[in-house]
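This is what each chain is made of:
2 protein chains.
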Amino acid sequence: MAKDKKLVEAITSMEEDFAQWYTDVVKKAELVDYSSVKGCMIIKPAGFAIWENIRNELDRRFKETGVENVYMPVFIPESLLQKEKDHVEGFAPEVAWVTKGGLSELTEPLCVRPTSETLFCDFYKNDIQSYRDLPKVYNQWCSVVRWEKETRPFLRSREFLWQEGHTAHATKEEAHERTIQMLNLYADFCEEYLAMPVVRGQKTDKEKFAGADATYTIEAMMHDGKALQSGTSHDFGDGFAKSFEIQYTDNENKLKYVYQTSWGMTTRLIGAIIMVHGDDSGLVLPPRVAPTQLMIVPIRQDKDGVLDKAMELKGKLSLLCRVKVDDSDKSPGWKFAEQEMRGIPLRLEVGPKDIENSQCVLVRRDTGEKMTVAFDELEDKVPELLEQIQNDMFERAKAHRDKHIYDAHDYDEFCDIVVNKPGFIRGMWCGDKACEDKIKEDTTATSRCIPFEDNEVISDKCVCCGKPAKKLIYWGKAY
Amino acid sequence: MAKDKKLVEAITSMEEDFAQWYTDVVKKAELVDYSSVKGCMIIKPAGFAIWENIRNELDRRFKETGVENVYMPVFIPESLLQKEKDHVEGFAPEVAWVTKGGLSELTEPLCVRPTSETLFCDFYKNDIQSYRDLPKVYNQWCSVVRWEKETRPFLRSREFLWQEGHTAHATKEEAHERTIQMLNLYADFCEEYLAMPVVRGQKTDKEKFAGADATYTIEAMMHDGKALQSGTSHDFGDGFAKSFEIQYTDNENKLKYVYQTSWGMTTRLIGAIIMVHGDDSGLVLPPRVAPTQLMIVPIRQDKDGVLDKAMELKGKLSLLCRVKVDDSDKSPGWKFAEQEMRGIPLRLEVGPKDIENSQCVLVRRDTGEKMTVAFDELEDKVPELLEQIQNDMFERAKAHRDKHIYDAHDYDEFCDIVVNKPGFIRGMWCGDKACEDKIKEDTTATSRCIPFEDNEVISDKCVCCGKPAKKLIYWGKAY
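Protein chains in written order, with this note's numbering: chain A, 569 to 1047; chain B, 569 to 1047.
This is chain A alone, in the form it adopts within the complex:
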């Protein structure tokens, strides 16, 4: 029995050390491994299968809105990266440079793409001629490189996987509409598929993307109260178009600049799933994103008929959910601990006695709840439970988040909350960057967003400087 517990006991508890708990989970749930390339991660099968589900579902939702996938080069010539002033300032300090190809030095260094705005602009410049060529609603799934100093699996690494959408439109309004449409698509995806509630809003100028007119964001709260920026959508106006000379002829034969957007989501989302739903037994996956939704664990599998029954149930249930049988030679206790560590939403236990009674035991990963279910009720009960778990996980995460949103009316209160109450802080803001800078320096909290769905005026004064306030901001420490 001691041996059976080993997997679980090896995890640090969340309360004790959240960062260490996170590291333990990504490693013990076999999501990633470290590589001999500093700051780059190896995504193992259990981690990659989650990413595949995220990718497939997002891609399906993208395509419903008319998105087409393309593939751009992994390299950007230095001169191209430099075409948009703010953009190069934002990215140049953190890119990797290729200076040698084959056996010779390159005449111009190439950077490994940190993001592909410049490549898409360079392409659109030639590809877009007439209003008939618009809109372009392109996306690519790829890896990008950013030379980060401090790295953590999924949350911040020198290479990560993502999708980047890049669109071009005839009008400012249409570009803005697409920016918001994609932000809402991201938010719905997080809430419906990852059971992860998010706050939708706009970034302040200080926090917006290098080169954007406006950046929109969805912010999720992790279990420790910190914010995780989970997806962003940028409205570029015609800024990039002017730098890159992307013009089209309208239907009155006039030359006009296009309006552009870009939007992205990354493997960070896997980190978010871990930190929103995980517990001291490991990962807890929402059923929709879980690569395996139900693990069947045979009890006394050496006994005649037990494995056969497990396989028979698998056959029947595989039409209704993603199901596996753990028929390895480990003990049932060990298998339970593994299934819990890996976050598989449901466990089905079946042994000789159960078979005699034509029943089995179902155990929920999220609550630990056990229930005895007759074999002939399984095909109703399993899908129903998976749906229930998905909904309950969302509601629990939302309740946890809402409980950890605090209002600050002045700076003392703000600083007190930052120190003593991990979570989001609602506080008014004068609109001055100096206040954001001060708050960040004093407390490490940053402005997460100006929320869309919350414009309550909780005070008429800026929470930092006391001058007249313009906007409500959600503040918080962030990953």
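Hint data in this document are derived by calculation from the structure and do not stem from the laboratory.
Because identical chains cannot be distinguished in the list, a pair is counted as satisfied if it fits within a single copy or across any two copies.
Straight-line alpha carbon distances no greater than 20 Å define the calculated EDC-like cross-link-like pairs of lysine to aspartate or glutamate that follow:
hint, residue 1, residue 2
1, 668, 646
2, 717, 676
3, 631, 620
Computed from a predicted structure; not experimentally measured.
Got chain A sorted already, so can you dock chain B onto it with the hints?
Chain B in isolation, oriented as in the chain A frame:
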């Protein structure tokens, strides 16, 4: 009418200049565009949608055999690349080197992966401990970089997309079995899904992969008679395991080396589809891989009811195939030419007169055959025709290939065939690399493979040196 023909007229004919015809097709069918990064291509939506279908179908077939997907870093430290002697010699001359990260020089250069054997080995070294950890049957979908001097879209570019499978096994036999299993999977995929017949065989030592014990290949014949290596599967024996110290403890507690394989297919396959099936009107896509299988072109779409009917037919047929309506403001003739250029397997024409008679016209892309079909027969006829086209395309490609395989009994005959009869040459070989070298130097033809399914002895003498022959080889000029 002249305007309608423009798209088609702009293509060079295959007979006149096959290379230019190819370039015209990839450009006019909007599969790729050139980028400002020399030697790297932009894969446009029409090209990427083909790759998505290839990827999804291959991935499905992989997973049926137990393959799990992972993701390895894009970079390989120089010291890691050098661990296997033959491997580094094969790849070092053609890799791109990152020497700067962020603002500082790297202490060790990183190469952008040209292939990931070394990364997988480095990972397996730690991940594999016991026989219980075997086999590992991992794969990744990614891009790789090889610093080629001469590049052509899909066929040879500095960056391309591919999958690379990397497996580790307890025994030599099991590794060999997996090598052959994947080669057969590739061959079946090409024949069943791409309607492209292939010759399965083994590479000679001269042509095998850097570091492999044995390389297996599938070779397809392009319309111009040249060979295209379309997929390879490598048996590494325990060579990499010994260089990287990948050992496991067997069930008698003895330390043993693992046996490994790797296998890959790339975006080259899109080039193969073009060159096997294309014609002077452009691309011809086999229905299974075609992103759009049926294009509905309304005739006189300004007339009441025509567009409605087109949409109604689309709705009905979309359950049976991938169908679109071209309701743009171009003329029908222009739409026909576009649909042909893009290789869409079937066209449905429907106009006011057809509607009166409750019928429409179907046109096959591969043969140009037109047929009148009653509306209420469409749901039977369309899937039947798509199936028929798929089969006919395979049979035609096979007949073309078989007609262009020639036997050479001595060197004069060999040289005569190389010059005058484009295709594969069957010729006996003594087993000596010097003969392969001479043939390549004299004729530019190379040994494509020692075929699995053809061991006829067409002579007892080597086709080059006249000494006693050991094996039948398929020779040919190659892409």
